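S.K.: Using the hints, position chains B, C and D against chain A.
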Amino acid sequence: MLNGLGSLRTLSIIGLFGVLGFSSAFANEPPASDEPGSVSVRLYQLEGSLPSEDPNSSQWDSVPSSEFNLAPQVHWPPRIQEVTVKSVKVKGVHNGQELAILVEYADPTEDGADAAALEFMVGDKPAHFAHGQEMLQVEGGPVNIWFWKNESGKAVDMSAKGFKTLETQPHQDVQAKGVWQNGIWKVVFSRLLKTDDAQDVQVEEGEWRNVAFAFWDGAVVDGLVKEKGGQKAVSTWWYVRAEPSADNSIFGWVILGLALAAAFELVIVRKLRKGQSV
Amino acid sequence: MTSAGQLRHATVVQGMNRMPGLLKFGSFLALLFLPALAMAAGGAEIQAMSVEYRDVPGIGSRNLVWVVAQQHLLLAGFVLGVPIFAWICELVGWKTKEQRYDKLAKEFTKLLTSAYATTALFGGILLFLLIGLYPKLMAYLTDMFFPSFLVYCLLFLLETATLYMYWYGWDYMQGNKKTFHLFLGFLLNLFALGIMIVPNSWATFQASPVVVGEGDAWARAWMAMQNPTWWPVNIHRLIANVVLGGFIVGAYAGVRYLLAVSREEREHYDWMGYVGNFIGVFGMLPLPFAGYWLMREVYQYNQQMGITLMGGFLAWLFILQAMLIGVLFLGANYYFWMGITHRIPGSEGQYKKPVMGMLIVLLLCLGVWMTPHSLVASLAEAQKMGGTHHPLLGVFGVMSAKMTVSNIMILVTFMSFIMYWRAGKQETAGWAKAAKAIMGGLLVIAGIAVVVLGVWGYFVPAIIRINYFSVAQVLIVLFIMVTFTPLTALLMKSAKTTTEMVWGKMPIRAGYSLVLNAVMVILLMSLMGYARSSSRVHWHIYGVMRDTSDYAYSPALGYAAAFMSLNTFVFCLIVAFIFWVATLGDKAKAQPPKGSTMEIPGHTAPAMAGGAPSSGEKLE
Amino acid sequence: MSEVALLQIIGMCVIGVGILILLFIKGMFLRVLGFVAMVLGVFSLIALSVPQMASLPPAVETFDLASVKSPDDLASIGQKIFFSKGQCALCHSIGPSESARCPDLNGIGAKLSAEFIYESLTKPQAYIYLDYRHDGIPKEYPAQMPHIDQDPIGLSKQEIYSVIAFLQKMSGEPISIKVEDIMETVKETANSLKVASVSSTLKSQLQNLADR
Amino acid sequence: MKSPIISGAIILAGMFIFLKFLLPLVTAPLPASLIYLYLALVLSGILIYGTMSAPSLEAMMGPIFRFLSGKGQTGAGQMARLAVLVMFPLLVGWQTYSRLVPSDLPPAENRTIHPAPPGEFVGLSNPYPKTPENIMMGKGLYAAYCSPCHGANYDGKGPAAPGFNPPPANFSDPGTIAQLQEAYLFWRIKKGGVGLPVEGMPWKSAMPRWEEELPEEFIWKIIMGEYDGAHQSPRTWEEEEE
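Chains as they are written, first to last, in my numbering: chain A, 1 to 278; chain B, 1 to 620; chain C, 1 to 212; chain D, 1 to 242.
Derived by calculation from the structure, the hints in this document are not laboratory data. Only a predicted model underlies this, so the values are computations on that prediction, with no experimental measurement involved. Backbone N, C-alpha and C define an ideal beta-carbon position, used for all residues, glycine too. Each hint should be verified, as a subset may be incorrect.
[To be verified] Distance condition first, Cα-Cα at most 16 Å in a straight line; then the derived EDC-like pairs of lysine to aspartate or glutamate: (1) A:164 x A:124; (2) C:69 x D:212; (3) C:123 x B:214; (4) C:157 x C:135; (5) B:384 x D:109; (6) D:190 x A:134; (7) D:190 x C:149; (8) B:110 x B:171; (9) A:161 x A:124; (10) D:130 x C:73; (11) B:384 x A:67; (12) D:157 x A:67.
[Unchecked claim] Beyond 10 Å from chain B on every Cβ pair, some chain A residues (computed): (13) 39; (14) 141; (15) 154; (16) 156; (17) 173; (18) 207; (19) 220.
[Stated by the list, open to error] Chain D is nowhere near these chain B residues, computed Cβ spacing over 12 Å in every case: (20) 148; (21) 171; (22) 316; (23) 381; (24) 430; (25) 505.
Isolated chain A, as found in the complex (with noise of 0.2 Å):
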């Protein structure tokens, strides 16, 4: 038995390695680990009242962050090769009524058309990221979107489901709040949670919603606005989720996981002790 098993092993590690080996020689190279690798956006439940107003508030510190990479606007003419903003930090909470997200992103100065905007998929149908547009095979939502652009210093809630579609919706929802400090902008959005409109996304606590984010840089280069309308620095769909309560009813799993499993050891230690077979 011992040589025996013992030749298993060692014919089971060199074979193993043999066909690791040979597939290595096929092997692409591994792909660069140097993106940001953040896949969702969590909002941590906190207490009490909501750092909504202000970005620089201490309560954001401990708040972990998410960081999404973002792409020139390529998708749908006008195009633009070329934005300032390349990555965008996130950081998210909510206290059961309310959310509040905060986006951090480097912008080196200050301009009047500055701008961010938030977009999530309204319902169950998948929407695209470029504001819901039609999809041939597969049939979308609308998007909900809000944006919130410097000079007016407050945010806009707006719906699309396509192309040409954008429009400011009849019932806003949405605040916004934005500090440009040493050329990093930071930008905190809120809502509800829930709200009465059919037209906003409606975050259930503890369920994935889809989010997508777009920024302009609004600097003045030879006397035109350097980004605006389709010409925006975009990320496509990622994850968001509101972090939900305890939920106590796991606990009643759990002690059902626990009396089972002791049920059936202890089943199968009676048979033992009797010497029957199990």
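M.R.: Just chains B, C and D now, kept in the frame of chain A:
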């Protein structure tokens, strides 16, 4: 869209009116003899004018048809597979003059007769459901295939008559009349083949329709039957039916073995289980080749369908398929190996090493086979890999690797069988040593050649790989099987038996592993049925007639798998019931204790048979 | 609860029942059934753990004559007909193919005039094409060309025109079929519309077009 | 003498360490699903080998059963048995908890990279001859329209690439366009990301729907330029990898 459909129905009616006189006479005959069929032809065409689909509340028309069709197909697979090896068994018994093979063949046929009626019953239910639920589609197919319906009915009559004569005439046609009985068995298989390939053409036409040119109804039906995937499916199903039959017989023997109370019963069903497993494994060896051919034809016929199957939304299905086949290969080999260690006393030490070698090779192959091209990964894992494709292990995901390992697994399983065959025997022939050395050398060369071709396959254009390398791999494996089998048979002819096989000593887990194998095969057939049906996506007839019902979508794999599991369980219950009914008579006969009349397989020495199971066998 | 979660719970319950049977029931047959149930439960759970995706049918595409504005629109409709309703691709390929049973249509739009192609589609037996792709005597093709304008394929005149437009485009040729020609044929069809089974909506649509 | 159960445990643990910690040193980390798969295979191998014959079964399971039954155990043995008996339900409980507790990982999504194209795009072939002029023109068009994402070197590393998920295809990888026919590329370029079927997750793809901006002639020529620039050749009829 509806207007196009209605236009087509108008053409159906016109088509029926254009039928030549002979055919009208034929349909008249059909009306007389086959009211059900007449409803298929007549009922559908009238209804189709107004109704395209009917639904069944609750379960839904698609699910209902799914259950019934699956049961019918599985039963039919069994009913068509069993006569093949029952007949071969009878032939072997007749040639070798060993009565036990004749008895076994008769026992197989008993299972067959009892399953036959149920198969036909489900076929009838299926037909009524199809006519009722899919009148538009059935009208189209009727228009296309009506003459073949008549042929099918005729074959069915012949098959039934032959089966009756074959079964009830068994004891009467012994001795001189045996050759006639064997001829009946041959006819039975011939008609069974016809019964399978005619409806296959209807189903393959749905998947790969051809343009039907001018001609009378018979010519048109013949043109439609000759569609590109017809013969690949025929061959694939024929082999698969043998596999299904073998493993179900094995499972039946396994259950009877577990339930057995007397020593004789244990010995008999142990032997029967061995034969069932053997038949199943033997059929399984060429099956991947047949599957490969079918897939190739599908790709040639329509790339879109091929991609849907292998790279599109059904790609995940092939991970499940690899898993099921893997369990099946492991289970079948496990049973072989347990057979060696339990039936041949004192052989354990001798076979430990080779078994371990085979096990490791099998597991390595399975590891490669089951590694999917696109992995199941969380978003974060995928980001670390740079997509769902692993930079290192992704190379296992391609066809070249899969073909290579499946060939090696087949080789290993074949060698497992050869080892079992030679176990407990000592070659006496002078040339035995040389023959064994040659066989060993050939095996090593074949293994290396298969792997080298597999690796090389990565570096050549796909077309060369498909047309030459894969074919060469298959041929190498087939060559080994074709040369080793007679060579071993020759060696065994003169070999002296050192240790007799002892039947009836297999542990309980052997019975369970036979059941497991059968479940795997049934699940595999259900899975591939789902794949075949889903590869048509939203078409009734691919590219020709669209499915416009509420059920035009293909369900997700998890839901489908739950449904397949349900179907498998129902099928197991049906089969258990049929077999239970079939063996009621035996129990009455077996009441008086007369164990000595039971067939004791093998040339068992009395001293070795029986005895209390050893302590280890109590454990499952 | 999602359907997947429900099925997972059912699967786990089935496995649990199997375990209970194997633990407490002595009857062999029931034990085997319990074993089978466990195997099936495990299989279902594994299948439920891979990504779940249903394949939904695409929207039903209609041959909307009103949307035809350029010869390119016509060709893209022709492309769809070629590969679906027209059943052309069941035999013909565009470009070399091992499976094609009939002539390769690559470049056909450049070789043949629209009128000639039209005649080949509607009177296929006017000329018998033979297979010269091998040595020796030319052979007949394995499949016979059906009348495209007759049952069971039964393409309308404008559908055939759009297929020709597609073939011309695929040959890199300028499309010789004019949108106005199509409208002409629409009028013809609408005027000669006698087939009772054509739906009234289609009829009125055609009539509207003809009246324009 | 080592018992088979210990050997088995060592093999299993060694395999786990190898897959989880050693392999990532040379390549990307394996997803959990694959590690489970390989461990399950190894475990089934150990079980098959250990239960092959009555003596091997006894050698493997006997000690476990005797240990669990607690017969004739004293002192340390007794304590160890108690510990195992307590640990097992706790382990199950912990598993239940970690399964049910809301995880921070978004749902796994597995995009099919090469889904089946619509029927009308399967059988097309490039109507333009592969002349140097056409290829040249294709490369020029590629540089203008495609290179921002797919890269001037056809490697999927254009300046806009890092921001997109899924990342732009790397044409120099033999797993992408070399596996596909020209007709497939024609479909993907013409209809873009939004033209994908549901398994291709069209809502995430940033591939433009070029038919709205480029004539078909340009698309066919871009395809030629792409293959030529990436040093790949289109697949002739063939089966697609899983």
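S.K.: State for each hint whether it applies.
M.R.: Structure-based check of all given hints:
1. For the hint pairing residue 164 of chain A with residue 124 of chain A, the CA-to-CA distance comes to about 22 Å; that exceeds 16 Å, so the pair is violated.
2. At most 16 Å may separate the alpha-carbon atoms for a hinted pair to count; residue 69 of chain C and residue 212 of chain D meet this at roughly 15 Å.
3. With a CA separation close to 13 Å, the supplied pair residue 123 of chain C and residue 214 of chain B stays within the 16 Å bound.
4. At most 16 Å may separate the alpha-carbon atoms for a hinted pair to count; residue 157 of chain C and residue 135 of chain C exceed this at roughly 38 Å.
5. About 14 Å separates the Cα atoms of residue 384 of chain B and residue 109 of chain D, which keeps this hinted pair within 16 Å; it holds.
6. A hinted pair counts as satisfied when its Cα atoms are at most 16 Å apart, and residue 190 of chain D with residue 134 of chain A qualifies at roughly 15 Å.
7. Our distance criterion of 16 Å between C-alpha atoms is broken by residue 190 of chain D and residue 149 of chain C, whose separation comes to about 31 Å.
8. Between residue 110 of chain B and residue 171 of chain B the alpha-carbon distance is near 13 Å, which keeps this suggested pair within the 16 Å criterion.
9. Restraint check: the Cα-Cα separation between residue 161 of chain A and residue 124 of chain A comes to about 14 Å, which is no more than 16 Å; the hinted pair holds.
10. A threshold of 16 Å between alpha carbons decides the hint, and for residue 130 of chain D with residue 73 of chain C the separation of about 26 Å lies outside it, so the pair is violated.
11. Taking the CA atoms of residue 384 of chain B and residue 67 of chain A, the gap is near 15 Å; set against the 16 Å cutoff, the hint holds.
12. Restraint check for residue 157 of chain D and residue 67 of chain A: not satisfied, since their Cα atoms lie roughly 20 Å apart, outside the 16 Å limit.
13. With 10 Å as the threshold on Cβ separation, the claim that residue 39 of chain A sits away from chain B is violated: the shortest Cβ distance comes to roughly 4 Å.
14. Against chain B, the non-interface label of residue 141 of chain A holds: every CB pair exceeds 10 Å, the least being about 18 Å.
15. Chain B leaves residue 154 of chain A outside its interface by the beta-carbon criterion, the shortest separation being 34 Å against a cut-off of 10 Å.
16. The beta carbon of residue 156 of chain A sits about 30 Å from the closest Cβ of chain B, which is more than 10 Å, so the claim that it is off the interface holds.
17. No Cβ of chain B approaches the Cβ of residue 173 of chain A within 10 Å, the least distance being about 29 Å, so the stated non-interface status holds.
18. A cut-off of 10 Å between C-beta atoms confirms that residue 207 of chain A is not in contact with chain B; the least separation is 16 Å.
19. Non-interface call for residue 220 of chain A relative to chain B: holds, since the shortest CB-CB distance, roughly 37 Å, exceeds 10 Å.
20. A cut-off of 12 Å between C-beta atoms confirms that residue 148 of chain B is not in contact with chain D; the least separation is 27 Å.
21. The non-interface label for residue 171 of chain B is consistent with chain D: the shortest C-beta to C-beta separation is roughly 41 Å, beyond 12 Å.
22. With a minimum CB-CB distance of about 8 Å to chain D, residue 316 of chain B fails to clear the 12 Å threshold, and the non-interface call is violated.
23. Distance check on residue 381 of chain B: its Cβ comes as close as 4 Å (rounded) to a Cβ of chain D, failing to clear the 12 Å threshold; non-interface status is violated.
24. At the 12 Å boundary, the C-beta of residue 430 of chain B stays outside the reach of chain D, the nearest C-beta of that chain being 33 Å off.
25. A cut-off of 12 Å between C-beta atoms contradicts the statement that residue 505 of chain B is not in contact with chain D; the least separation is 9 Å.
The structure fails to meet hints 1, 4, 7, 10, 12, 13, 22, 23 and 25 from the earlier list, while all remaining hints are met.
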